[in-house]
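Given next are the chains, with one letter for each unit.
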Amino acid sequence: MNRPLRINATLLESFRLYRQTEWFDESELIASIKGEFLPTPAIRLGRAYHSCVEQPQLSLAGFYERDGFRFEPKAIDEMRTRILPGGLFEVKTTKTLSIEADDVTLVCKCDHIVGSHIDEFKTSDRFDADRYLASVQWRVMAWLFEASSVGYHVATLAEDDEDDMVRLKGIESMNVFPYAGLEGDCRELVHEFCQYLHTKGLEDYLRKQMGVAV
Amino acid sequence: MIRTPIESFASDDAQRQRLKEQLEASLGIQDRKEPKPMSTVNGSRLRIIEATETIVVETPIFLVFGQPGLGKTSLGFSADNAIVLNYDTESALARAVNRGRSMNVLDIEQQRELQTHAAEIFKPFSTIVIDPVGSCVNLMGELVMDSTPRYGKNGSLTLQGFGQLKADFKSWITRLRAQRKNILFIAHNKEEIDGNNKFNRPDITGSSKDEVMRLADFVGFLYMNGRQRVLDFSPSEGWFGKNPAQWPAWNVPAPEQARTFMAQLFEKGREALSKASEASATVAAQVEAWKVKIADFTLAAEFTEAVPAIKQLSATIYPQVAKILMDKSKALGFRYDKEKQLFTAPQLEQTVTL
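If you read the protein sequences in the order shown, they are chains V and P. Each residue of the first sequence is one higher than the one before, starting from 1 at the first, in the working numbering. Each residue of the second sequence is one higher than the one before, starting from 1 at the first, in the working numbering.
Some clues are possibly wrong.
[Stated by the list, open to error] Only pairs whose alpha carbons sit at most 27 Å apart, straight line, appear in this in silico DSS-like list of lysine-lysine:
| no. | chain 1 | residue 1 | chain 2 | residue 2 |
| --- | --- | --- | --- | --- |
| 1 | V | K169 | P | K166 |
| 2 | V | K122 | V | K95 |
| 3 | V | K95 | V | K109 |
| 4 | V | K95 | P | K338 |
| 5 | V | K109 | P | K166 |
Derived by calculation from the structure, the hints in this document are not laboratory data.
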């Protein structure tokens, strides 16, 4: 019997972008499915930023440094003030669905959760509300975690060439909420993605060994 | 049936009560009726809000957008003790049914005066209606060019001018929010056609749209379904929405029968947001209780015994408690066998005597 297809929320968002926007290339989607995707500098910056928000450790010189990126203290400290105390970082959850003959394990990991409120930290050069409102990522998270709300906190950053420091322009926070048809919308997209994987013969890339969890 | 951590671990009523008291003491939830400040900052009115506290949302922010002529302004007048700031035309206001108190803000001097005397003007009202918010932004753009002519070129804002408009609009909305009033943004819609698909967005210039979408707790699209006016807060393929109350689409009665429509929605919205906050605080308290319990685990058997109870927790609590358990077990060097659902302690090296 086939192992279940393991689909994460980020991959599902890539599929949505491929379907709904003109700028997201199919080769990029296929590379993500095959696990061959090379992170762009913007993605590497985002990961470094996220890592500092989760574990803020100042360097002796008084700034935050991670994976070759240097952040002015304000960039991290201000984001930390947006998080309610007492929550947990990087919490993962899964849900198994039956899509035609296949079992599908839908996986998502939230940046931070406290109670039933999820926080996601993003980096960008500007805040674009539509980009986050359209995303399937929060929909999957709200569904799988049965969250009451998901807060996007978007740090707009600029790299200062003079001292090679990443500086904060501002942080915009926006909450989004589950709605009555949310589960149906997510299921429909998962179904379409499975059909796409089948048509393109890409299913085996997503039938990997499960990680260990309670 | 889902059991609380206390029910899972207490062996008798006395132990259950003791655990309950300990947990409540550690969480500061002995008296739910009068929540006391958990942490104050230098004795001031500033207070740190704990995750386990309920946040009561007193003044929600609504955005209602839709085609012209559907009675959006009349809906504005149906809010509780509202003042409608009319940024449209005088005739638009004249067309409104059930007209209540309003104020024309149609030129930059009126906008300037409004910004100067906002607190005084809004004091007697409970709801501030900005109608339409797109025209308010445009007028503020004119004000930017009037105040700083270099921010305009050929009657349009320069890039710097747009930056200033964004800052000014943000500051204006912040001042409105500081009045602690209900806020209702009304906007016309802008239909974008992409192939066979139509998408509706509020017609608001530039990044001010992002600001309104960001701030609004509820975003609803007003449209005609046959001869019926419908206000839908759920997002769809045709528009973005925000629906924290998970309302179905509302049929909006004729204006003369909808004199309290928005007042009722604000009330229901306030209740829904507060209820969601209360539910979240309850979850946070339960996770915290598990955290306290797991912190005392030292033996692999204690971890293994906790697994069945954790597996019964809700979809919200389970992943959080599972992470706490796994993190703690890893810190102690335990290994987890998923098949057997068993934690094992590392084998100590045996001392070999020659």
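Q) Against the structure shown, which of the earlier numbered hints fail to hold, in ascending order? A) Failing hint: just 5.
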